[in-house]
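**Student:** Those protein sequences? They're chains A and B, same order as listed. Going by the numbering used here, the first residue of the first sequence is number 1, and it counts up by one from there. Going by the numbering used here, the first residue of the second sequence is number 1, and it counts up by one from there.
In case anyone wonders, no lab produced these hints; they're calculated from the structure. All figures in this text were calculated on a predicted structure; none of them were measured in a lab. A hint or two may mislead.
Said to hold, decoys possible - Covered stretches of chain B (in silico footprint by chain A; criterion: 3 or more residues with CB under 8 Å from a CB of chain A, positions within the stretch not fixed):
#, segment
1, 402-416
2, 424-436
What the hints assert, rightly or not - When the alpha-carbon atoms are kept at most 27 Å apart in a straight line, the in silico DSSO-like pairs for lysine-lysine are as follows:
#, chain 1, residue 1, chain 2, residue 2
3, A, Lys131, B, Lys134
4, B, Lys477, B, Lys442
5, B, Lys355, A, Lys81
6, B, Lys543, A, Lys81
7, A, Lys103, B, Lys543
8, A, Lys81, B, Lys134
9, B, Lys477, A, Lys81
10, A, Lys103, B, Lys538
11, B, Lys543, A, Lys131
Built from N, CA and C at the ideal position, the CB exists for glycine as well.
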Amino acid sequence: MSLRSRKAEILLIATAIFTLAACDREERHSRSKPLGETVPSGESPDTIIPGGGPSNPLDPRAAEYDNNSPALAEGQFLYTKMNCVGCHAHGGGGMGPALMDDKWRYGGRIDQIAATIAEGRPNGMPSWRGKLTDDQIWKLAAYVRSLSGQPSKDVVSSRADAMSTGSPQTLTPHQAAKSADTAQQ
Amino acid sequence: MPGKDYASTRFSALNQITPANIGKLGLVFTFSTATTHGYEAPPLVVNGTMYLITPFPNVLYALDLTKPGAPAKWAFKPEPAAASQGVACCGTVNRGAVYSNGKIIFNTLDGQTIAVDANSGQQVWRTQLGNIQKGETITMAPLVADGKVLVGNSGGEMGVRGWLAALDEGSGKLVWKAYHTGPDKDVLIGPRFKPFYAMDQGKDLGVKTWPPEIWKLGGGPTWGWISYDPATRAIYYGTGNPGPWNADQRPGDNKWTTGVFARDVGTGEALWFYQTTPHDVYDHDDINESILADIPWGNGRRPVLLRPARDGFFYVIDRRNGQVLSATPYGYMNGYRGVDLKTGRIIVNPEKVPKQGRVTRDICPAAPGQKDWNPSAFSPVTGLVYIPHINLCMDMSVSQANYISGTPFVGADVKMYGGPGGYRGVVTAWDPIARKAVWEAKETLPLWSPALATGGGLVFYGTLDGWFKALDARTGKLVWQFKAGSGIIGQPISYRGPDERQYIAVVAGVGGWAGGIVDGELDPRDPTAALGFANAVKDLPGKTTPGGMLYVFALPKS
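Build out the structure end to end from the sequences listed, making use of the hints.
**Tutor:** Below is the structure:
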C-alpha cells in the first residue's frame, strides 16, 4: 500500500468519524420508538433528598432532543408561536425571568425544563400540559436550554424565523453552564 | 388623591421649603416596604396618618405621623394571586391609593378593588374586576368622584379588551362599565357623544375600524390617570395601545384606543373623544395625565386639558368639546411630522412605520414614547408644566402574533437606545401658552419618576440610580439632592405634618418597565429583553439595587 493511499485511507476514516459524531445533531425521529407519554417531573438539582440517595436519573428521552438541530429549530418556532417570546424575550426576559443566564429556578436539565413548561410555576408561568404535545414540550425545552448556550454552536440556529432586532444565537456570548444543569451529569 | 387634586396638578402650595433654605433639608424618618419590585405610588397623608400601597403583594401600611419615628399602626394584606405577576407587562407596580370618606381605596395586581377603613385597617368591601386568565391586571390608582370609584384594566400587551368601570363608593357594586373597543352600546356612546373631528364621528367605529372580530382582542386599556371637573361633572382620561403591537394585523383606525375620552361621571356616557394616534404602530398609549387648567387663549380664557403625550406632542385641548388648540413636540421626534389642526389627525412619517419582513431602524420616540406613565406637575405660580421624560429611540421588527389567552399578544421585537444629544432623561419646564421649553435639566438615565411642584418654588423628582433631586422651579438649577438606597420611580409628595411643618416624602424602589433589568434580573445580552427597554439601560444594574424604602425630609426645627 502506497503512502498516498494510506493518507487517503486516514482521511476517509477521519471523515467517517466526523460524520458519525455529527449524527446526533442531524438525527430526525420520524418514527421514534414509543416512549412514555408523560413529561417527567424533574426535581431541582439543588434539592435535599431526605434519607440521602441519588437524585432522579436523566430521562432517557433527553438524548433524543438535546443537541439535536431539528428539535431545536422546531422548538425555536414554537417558542415564538406559543408566545413564550412575549414574556421571556429572546432569552433576556421581561415579564418572565431571563433564560439565557446560568440561573434556573426550577432546574436547568432538559427534563426539568420540560416539567416546568408542562406544569407551570406559581409566580406566573402558565401550564402547557394538554395544550402542547409532549413531543412539542420536549422540543421547546431543548430550545429553551439552548438559550443559555449549553449545546454546541453547530447545533443552534444561525437565524431567527422572522426579521428581528436581536442577534442570532450563534453570535450571543454565553456563560459556562453549571454542571448540575447539563445532561452529562 | 394620587394626583394631589381633581385637576391632577401634583402641585403642593406649601412654601416653607424654598430654594434659599433647602440646603438644610434633612432626613427625618424612613420605613422599609418589604418589597423588592418597582415602587411607583405616592405616599398618601390624611389626618396625621401616612398610607403606603406597595407593588405586588399590594400591602397597605398606615404610619402614625403624630408619634416620633412614625411607627406603623397597622398593615392590610390583600393577598393577591401570585400568578398575576406573570401577566403584568411592565413590572408588578401599583400607582397609588385614594382616600375618600373615611376609606382608603386601592387596586390589586390580580384585578381587585378594595376599600379599607382608614382608621382601623379593616376591609369594608372588595370587588373582583379583572380576570388574570385573560391577562387583565390592575396597576392604576383609582379616583373617587361623585361617589364613584373609577378603575380601569391593564393588559394592552395581553390581548385584553380595555375598559373603565365605576363602582359605588359605599358598597363596591358596579354602577357602569365602558369598553374601549366594540359597538357603541358597550362603549357607552349615545346621543350626548359629540366628538370634535370627523375622524371620530360615526356609528360603531369601535367595530368598523377593525378587521372582523379583532376588536375583541384590541387592547385600549386604562392604566393611567383620570382627572375630574366638578363644575361639569366630566371625567377625562386616555386609553392605551391597541393590540397586538404588530399593526399589520389590525388595519384601520382601531377606535377607541390611544385617545382621550370625556365622560359624564354619573352615567359613564361618552361626551367626546379625540384619537391622538389613530392606528398606533409604536405602543404609544395615550394614558398620560390630563392636567385641568383655565388658560388665556386668544382674547379670552379657555378651560383646557394640558397633556404631555406619549407620542411626543404637548397637547392643549379645549375640554368642553375636544378641540385641539395646539400640539407641539416637547422633544426629538422623527416618527411623526406634526398634527393637522383642521382634521385633528397626526401626520405619520411613512418611512418609520414598521412592516413585516423588515427591521425599521432609528424610530424616535421609542415605544415608551417621549414620556411614559410618570406624570408631570403644573405650578399655577410659574404657569409651567414640569415634565419628567425620556429621550429614547428604537429599532422595531414586527411579525405575526398568535392570540392565546393569558399570554402576551405583541408580535414585535424592539431594541431601544439613547436618542440624539447623549442623554436619556430630561425634565422639561414647558410653557403651554408660548409652546416652548423655558429650561431643561438633562439626566444620563431615562427618567421614570413623576414630578412634584411646590409653592416654595421647587420641583422634586428622582432618578433611576437613586438620586432624589430638587430644582429651582424658575431656572431649573439643581439646589438639593439626596442619594436613596435604590432607584426612584415613585411619586414625591409634600405634606403639612401634625406639627404644621412642611415635609417632603418619596418612596425609592427601582423597577417598572425601565428598571425591570434590575428588579427582574434581566439579561441585557438580549437587546429585546423587557420589550426592548433593557438595551437602553444596560448600565443600570451596576448603579443601583432593588428595595422599597420610604424617605421623609424636613427642615430642622427652628
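**Student:** Mind taking a look at whether chain A covers the segment 402-416 of chain B? Criterion is 3 or more residues with CB to CB distance under 8 Å.
**Tutor:** holds (count 10)
**Student:** Starting from lysine 355/B, check that the Cα of lysine 81/A is at most 27 Å away, please.
**Tutor:** holds (18 Å)
**Student:** So if I understand the rule, the pair passes when the alpha-carbon distance is 27 Å or less; does lysine 477/B with lysine 81/A pass?
**Tutor:** violated (51 Å)
**Student:** Does lysine 131/A sit within 27 Å of lysine 543/B, going by the straight-line distance between their CA atoms?
**Tutor:** Roughly 42 Å between the alpha carbons, so the hint for lysine 543/B and lysine 131/A is violated.
**Student:** For the pair supplied as a hint, lysine 543/B and lysine 81/A, confirm whether the alpha-carbon distance does not exceed 27 Å.
**Tutor:** violated (36 Å)
**Student:** Could you grab the alpha-carbon distance between lysine 103/A and lysine 538/B and see if it respects the 27 Å cut-off?
**Tutor:** Cα-Cα ~19 Å, so holds.
**Student:** Establish whether the coverage given for the segment 424-436 of chain B by chain A is satisfied; the threshold is a Cβ-Cβ distance below 8 Å, and no fewer than three residues must meet it.
**Tutor:** violated (count 0)
**Student:** Is lysine 477/B within 27 Å of lysine 442/B, Cα to Cα?
**Tutor:** Roughly 11 Å between the alpha carbons, so the hint for lysine 477/B and lysine 442/B holds.
**Student:** Is the straight-line distance between the alpha-carbon of lysine 81/A and that of lysine 134/B 27 Å or less?
**Tutor:** holds (18 Å)
**Student:** Taken at face value, is the distance from the CA of lysine 543/B to the CA of lysine 103/A at most 27 Å?
**Tutor:** Holds, because 22 Å separates the two Cα atoms, which is no more than 27 Å.
**Student:** Assess, step by step, whether the Cα of lysine 131/A is no farther than 27 Å from the Cα of lysine 134/B, and give holds or violated.
**Tutor:** Given that 27 Å is the threshold and the Cα spacing comes to 16 Å, the pair holds.
Of the numbered hints stated above, those contradicted by the structure are hints 2, 6, 9 and 11, listed in ascending order.
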